[in-house]
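Protein chains in written order, with my numbering: chain A, 3 to 450; chain B, 3 to 450.
A hint or two may mislead.
Because identical chains share one entry, a pair is satisfied inside a single copy or across any pair of copies.
Said to hold, decoys possible - Dumping the calculated BS3-like pairs for lysine-lysine here, alpha-carbon to alpha-carbon at most 27 Å:
{"id": "1", "residue 1": "K7", "residue 2": "K58"}
{"id": "2", "residue 1": "K394", "residue 2": "K65"}
{"id": "3", "residue 1": "K449", "residue 2": "K97"}
{"id": "4", "residue 1": "K58", "residue 2": "K72"}
{"id": "5", "residue 1": "K58", "residue 2": "K441"}
{"id": "6", "residue 1": "K416", "residue 2": "K394"}
{"id": "7", "residue 1": "K388", "residue 2": "K93"}
{"id": "8", "residue 1": "K394", "residue 2": "K441"}
{"id": "9", "residue 1": "K246", "residue 2": "K384"}
{"id": "10", "residue 1": "K384", "residue 2": "K441"}
{"id": "11", "residue 1": "K384", "residue 2": "K449"}
{"id": "12", "residue 1": "K7", "residue 2": "K65"}
Hints in this document: simulated from the structure, not taken from any laboratory.
Number of protein chains: 2
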Amino acid sequence: MERIKPRTLSGFMELLPAQQVLFDTIYRSLEESFSLYGFTPLDTPMMEAAEILLAKGGGETEKQIYTLNKGDTDLALRYELTTSLAKYVAKNYSKLSFPFRRYEIGKVYRGERAQRGRFREFYQADIDIIGDGGLDVFNEAEIPSVIYECFTALGLERFVININNRKALSGFFEIIGLGEISTEVMRMVDKLDKVGEDKLREMLMDDLSVTQEQASEIMEFVSFPGDPFELLEKYKGKNELFDKGYDELAAVKKHVIGFGVPETHFKINLALARGLDYYTGTVYETIMTDYPEVGSVCGGGRYDNLAEYFIDRQLPGVGVAIGLTRLFYILQEQSLLNNSLLTSASDVLIIPMTDDMSPAVSLAVSMREQGLRVQIYGENKKFAAKLTYANKLGVPYVVLLGEDEIGSGQITVKDMVEGSQVTASAGLLITGLCDKIKKLRSGVPIKT
Amino acid sequence: MERIKPRTLSGFMELLPAQQVLFDTIYRSLEESFSLYGFTPLDTPMMEAAEILLAKGGGETEKQIYTLNKGDTDLALRYELTTSLAKYVAKNYSKLSFPFRRYEIGKVYRGERAQRGRFREFYQADIDIIGDGGLDVFNEAEIPSVIYECFTALGLERFVININNRKALSGFFEIIGLGEISTEVMRMVDKLDKVGEDKLREMLMDDLSVTQEQASEIMEFVSFPGDPFELLEKYKGKNELFDKGYDELAAVKKHVIGFGVPETHFKINLALARGLDYYTGTVYETIMTDYPEVGSVCGGGRYDNLAEYFIDRQLPGVGVAIGLTRLFYILQEQSLLNNSLLTSASDVLIIPMTDDMSPAVSLAVSMREQGLRVQIYGENKKFAAKLTYANKLGVPYVVLLGEDEIGSGQITVKDMVEGSQVTASAGLLITGLCDKIKKLRSGVPIKT
Chain A
3 MERIKPRTLS GFMELLPAQQ VLFDTIYRSL EESFSLYGFT PLDTPMMEAA EILLAKGGGE
63 TEKQIYTLNK GDTDLALRYE LTTSLAKYVA KNYSKLSFPF RRYEIGKVYR GERAQRGRFR
123 EFYQADIDII GDGGLDVFNE AEIPSVIYEC FTALGLERFV ININNRKALS GFFEIIGLGE
183 ISTEVMRMVD KLDKVGEDKL REMLMDDLSV TQEQASEIME FVSFPGDPFE LLEKYKGKNE
243 LFDKGYDELA AVKKHVIGFG VPETHFKINL ALARGLDYYT GTVYETIMTD YPEVGSVCGG
303 GRYDNLAEYF IDRQLPGVGV AIGLTRLFYI LQEQSLLNNS LLTSASDVLI IPMTDDMSPA
363 VSLAVSMREQ GLRVQIYGEN KKFAAKLTYA NKLGVPYVVL LGEDEIGSGQ ITVKDMVEGS
423 QVTASAGLLI TGLCDKIKKL RSGVPIKT
Chain B
3 MERIKPRTLS GFMELLPAQQ VLFDTIYRSL EESFSLYGFT PLDTPMMEAA EILLAKGGGE
63 TEKQIYTLNK GDTDLALRYE LTTSLAKYVA KNYSKLSFPF RRYEIGKVYR GERAQRGRFR
123 EFYQADIDII GDGGLDVFNE AEIPSVIYEC FTALGLERFV ININNRKALS GFFEIIGLGE
183 ISTEVMRMVD KLDKVGEDKL REMLMDDLSV TQEQASEIME FVSFPGDPFE LLEKYKGKNE
243 LFDKGYDELA AVKKHVIGFG VPETHFKINL ALARGLDYYT GTVYETIMTD YPEVGSVCGG
303 GRYDNLAEYF IDRQLPGVGV AIGLTRLFYI LQEQSLLNNS LLTSASDVLI IPMTDDMSPA
363 VSLAVSMREQ GLRVQIYGEN KKFAAKLTYA NKLGVPYVVL LGEDEIGSGQ ITVKDMVEGS
423 QVTASAGLLI TGLCDKIKKL RSGVPIKT
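Chain A extracted, bound-state conformation (with noise of 0.2 Å):
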């Protein structure tokens, strides 16, 4: 018979068993905590119409977009999240309540070219909260501490959820006689970390014609070392569009604090723009402290109308979003992912060593009902054969199960980990070992 090489597509992540259990754990912690903010669980379909999915329009992403046919429609696969939401709230917008919070975690596709580190498929993590009319800034505020909540469940302690305001950004560019070609600058501006100050200096003028004296405000205004609201106050009162982005920093801030966000780990940083035309209020990037060089693991905004190619109603909302996958890859290769978490399946692989499987069974049963993750083993093997399987399935405990023990209504429990095995009646050995079960499985999935 000839045989097909099984391969998986490139820039797919597959798992090996025990690196699974870890993307689960950390999906999880991540439902959990978007819970605890009362966000609503959604599953969209993956395929659309093609209308749909290209009704904004994409540019670059429009062609990254998998595309196919079947029967007379055109159908594509979704690329993002937040199209797929802006249909659903459109669509069934009479049956949901506003103020609408909704999380969803799920793949989203791009046929982009193969690179390391670059996924075609991959999942996403969004929360947003859609108002209906109006959407109260007190909304944009919650949101660096649903990131914060979710990072730290997560076991990551060295992060920061960097915050600015697209009013404040653009009022200001509009108070230093830049508002024609604040879009430009602020595009620019967003390349400081990447370029450095003196270049961006440099492209400001050379590029777009900024003056002297306006790239110096504006190196001032995105690299200022000391409080931002120190350096804000001086352009209050001078710009509407300015005070408005001001006060809304300034709420931002305090409910931020409120809702016990460490001040170690947010920061009010005037150079983040973050996309361009999209979002116009509170943005937010999440920067590990010690990968910077990776970019932002968590980041979004605020928006004014989430579905206008749906609904003639206007749905402003505020979301962010995690690249699960990207992150996982990040915590993979940075060798951040905390092994010593339990893995395996089984908590309990039960050994039979009689030829009569009826003892293992109703072993197994008891177990099971204790909420133990139990699996028999079965197959007519050498003993030694038998714990080999044990071993290589990274089970934390065995359990022998021979004729003296059956005879004596005992069980004999092996600890992998440590090498060492009792033999005491099996009531008193199940409940210590869901004990020592629950604390294996207490762990965080990333490293501390």
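Given the coordinates of chain A, assemble chain B onto it according to the supplied hints.
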């Protein structure tokens, strides 16, 4: 602006928030049931190279596969999870330990003609146990207890797992001289439930030239009213394949009882053939007792070679699949979903009644620390509008936080179901809320 009608493709299930929560509850319950039996979670790509998915050739199914092209690769969306498992096991053969137990709950795609109750995108929940070179029949005996655990954990009470053995069935046909056309006979016998006994007898004789005597023997075999083993006994010692099947069936029955599956919930059903070429040992189908017309909600069986298209190793296995989306659809249609289960995304909605949101923020922080899912209503609306929102959200408890409460260090909790209201210290009420919420969350997703 020209607007696009927001729509979801037909054949794609997209749920409203409360339904989504019920769906997710079922999803997680299945995960937990699978985990108790030591199945490890996998998450394989939704898309594969077309040659991988088409490796085994699909006949009718192949026509339903969604294909797409990007660059120079022919791609396809998976239409089941088994081919992905076969690829995974072949690809990672040396890294896995056998027997390899995995579950995968994931979306699959079939470009069927859309009709009520048929889906183009749907979840399958699969478990499989894969052996290397061999796999003891004991594994086949454990599967019904997994199915029993899954459905009872969901709250379903009235269902029956039908069990048969393909070796016994094939052996029987050989014994009565129909070995040459056993596949055709089986295919016909599988229709017994649909066409009835008389029609089946007629079809066997007319279409397959089965003699009257053979037809009578078949009819007795597939509709024997007493203990099937009494009937099977008659044929023992006449055919090697039959005897093997008999022994397997006896072993399966013994252990199914040992695993605690009540005799009311499984049945050795000699009429069950299930599929035709793939299965080679025990086969299963699960019927909801009160809804036999919906057919099997969980089926599968033993097969001899999982991945012959990909690897030169014999990898026998046994597995079953639950059509999760279809099951959910049926539960919805038959009003079997437990709507008294808590489906709101928040346990508590805090309604601040002062301009300063800080006390609400502090309270939310304390409540979330206790594991309560809390949303703060942050919009500047009239009190009536805030309560309307709480009602529409379906949140069980509302906390009112006005000047009086803040001044006295108390909170007012309104029970949205009972309509009652109590004012007391926050600490006291939070503890009470945690208890109440625990109870509200503790139900099963299917009405009992």
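These are the hints, each one checked on the structure:
no., hint, verdict
1, K7 / K58, "between (40 Å within a copy, 13 Å between copies)"
2, K394 / K65, "neither (45 Å within a copy, 41 Å between copies)"
3, K449 / K97, "between (43 Å within a copy, 25 Å between copies)"
4, K58 / K72, "both (23 Å within a copy, 22 Å between copies)"
5, K58 / K441, "neither (49 Å within a copy, 45 Å between copies)"
6, K416 / K394, "within (15 Å within a copy, 54 Å between copies)"
7, K388 / K93, "between (56 Å within a copy, 24 Å between copies)"
8, K394 / K441, "within (22 Å within a copy, 41 Å between copies)"
9, K246 / K384, "between (76 Å within a copy, 24 Å between copies)"
10, K384 / K441, "neither (32 Å within a copy, 49 Å between copies)"
11, K384 / K449, "neither (38 Å within a copy, 47 Å between copies)"
12, K7 / K65, "between (30 Å within a copy, 23 Å between copies)"
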